[in-house]
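Asker: So the sequence lines, in the order shown, correspond to chains A and B.
Using my numbering, you'd call the opening residue of the first sequence number 1038 and step up by one each time.
Using my numbering, you'd call the opening residue of the second sequence number 969 and step up by one each time.
Simulated from the structure, these hints should not be mistaken for lab results.
Please read these numbers as outputs of a predicted model, since none were measured by experiment.
Yeah, the Cβ is synthetic: ideal placement off N, Cα and C, and Gly gets one too.
There's no promise every hint is true.
Unchecked claim - If you anchor each label on the Cβ, the simulated ranges turn out as follows:
1) A:D1089 with B:P1029: 34 to 42 Å
2) A:E1051 with B:A1065: 31 to 39 Å
3) B:N1020 with A:M1130: 17 to 25 Å
4) B:M1008 with A:M1130: 22 to 30 Å
5) A:R1103 with B:M1008: 28 to 36 Å
6) B:G1068 with A:Q1039: 14 to 22 Å
7) B:D998 with A:G1078: 22 to 30 Å
8) B:E982 with A:D1089: 48 to 56 Å
9) A:G1095 with B:R977: 26 to 34 Å
10) B:R1053 with A:S1106: 27 to 35 Å
Next come the chains, spelled out residue by residue.
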Amino acid sequence: GQSLEQPSEVTAVEGAIVQINCTYQTSGFYGLSWYQQHDGGAPTFLSYNALDGLEETGRFSSFLSRSDSYGYLLLQELQMKDSASYFCAVIFMNTGFQKLVFGTGTRLLVSP
Amino acid sequence: DAGVIQSPRHEVTEMGQEVTLRCKPISGHDYLFWYRQTMMRGLELLIYFNNNVPIDDSGMPEDRFSAKMPNASFSTLKIQPSEPRDSAVYFCASSLARAGGQFFGPGTRLTVL
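Model the full structure from these sequences, guided by the hints.
Answerer: Here you go:
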């Protein structure tokens, strides 16, 4: 089967840098995505990594190491509006289909 | 573009009733996904379509659930008969590529009494 692990909660202060880790176990790995979800809202796509390395988009960066089955989301210059849940999602091949499984999410609390 | 549109935004129904959720994907997107989110089970992929054809419905929990995509701009998720354990937020999402970023609609909050 597939499994993803990410911390349930992370706290940080405004202006700080925070890293949310995600480890996964799956066969047929294709890529890793990150989504942000505010309370009562819908998930919003942040990034996608298919190859090893760092992808940077503004204040957010995402990293993948396929050999370690590990990725992380890095949020810099934290703002209060970054308080939300962050989900990693693994994409893998299964019985000829591409499937996507979400982690349980990490709740980020940013304080003043 | 208006983004992914879902209706209704809220639905309250009684056990045994039929429920139909609707979704209009972003124009030009050829993948459409239906998800269910609950506190207990998190975000689960129910089914996804490519070019209006169902590709993988292994996440559909029971035969009470069915989904259709009659054309590129419309999809429905139907629950018949509904049960209290179906209470959840149902999201529709669309994308240009299988592994690319998915754009989610605002969701339908379903409550089955």
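Asker: Kindly confirm whether 27 to 35 Å is satisfied by the beta carbon distance between R1053 (chain B) and S1106 (chain A).
Answerer: holds (33 Å)
Asker: Taking the Cβ atom of D1089 (chain A) and the Cβ atom of P1029 (chain B), is their distance within the range 34 to 42 Å?
Answerer: About 36 Å separates the Cβ atoms of D1089 (chain A) and P1029 (chain B), which means 34 to 42 Å holds.
Asker: Within 14 to 22 Å or not, the Cβ separation of G1068 (chain B) and Q1039 (chain A)?
Answerer: Cβ of G1068 (chain B) to Cβ of Q1039 (chain A): about 20 Å, so the range 14 to 22 Å holds.
Asker: Okay, E982 (chain B) versus D1089 (chain A) on CB: inside 48 to 56 Å?
Answerer: holds (52 Å)
Asker: Does the Cβ distance between R1103 (chain A) and M1008 (chain B) fall inside 28 to 36 Å?
Answerer: holds (31 Å)
Asker: Go ahead and decide if the range 31 to 39 Å is satisfied by the Cβ distance of E1051 (chain A) to A1065 (chain B).
Answerer: holds (36 Å)
Asker: Is 22 to 30 Å respected by the C-beta to C-beta distance linking D998 (chain B) and G1078 (chain A)?
Answerer: With a Cβ separation near 25 Å, D998 (chain B) and G1078 (chain A) satisfy 22 to 30 Å, so the hint holds.
Asker: Look at the Cβ atoms of N1020 (chain B) and M1130 (chain A) and judge whether their distance stays inside 17 to 25 Å.
Answerer: Distance hint for N1020 (chain B), M1130 (chain A) holds at roughly 22 Å.
Asker: Go ahead and decide if the range 26 to 34 Å is satisfied by the Cβ distance of G1095 (chain A) to R977 (chain B).
Answerer: Once the Cβ atoms are compared, 30 Å apart, the range 26 to 34 Å for R977 (chain B) and G1095 (chain A) holds.
Asker: Quick check: does the Cβ-Cβ distance between M1008 (chain B) and M1130 (chain A) fall within 22 to 30 Å?
Answerer: holds (28 Å)
Checked against the numbered hints listed earlier, the structure breaks none of them; every hint is satisfied.
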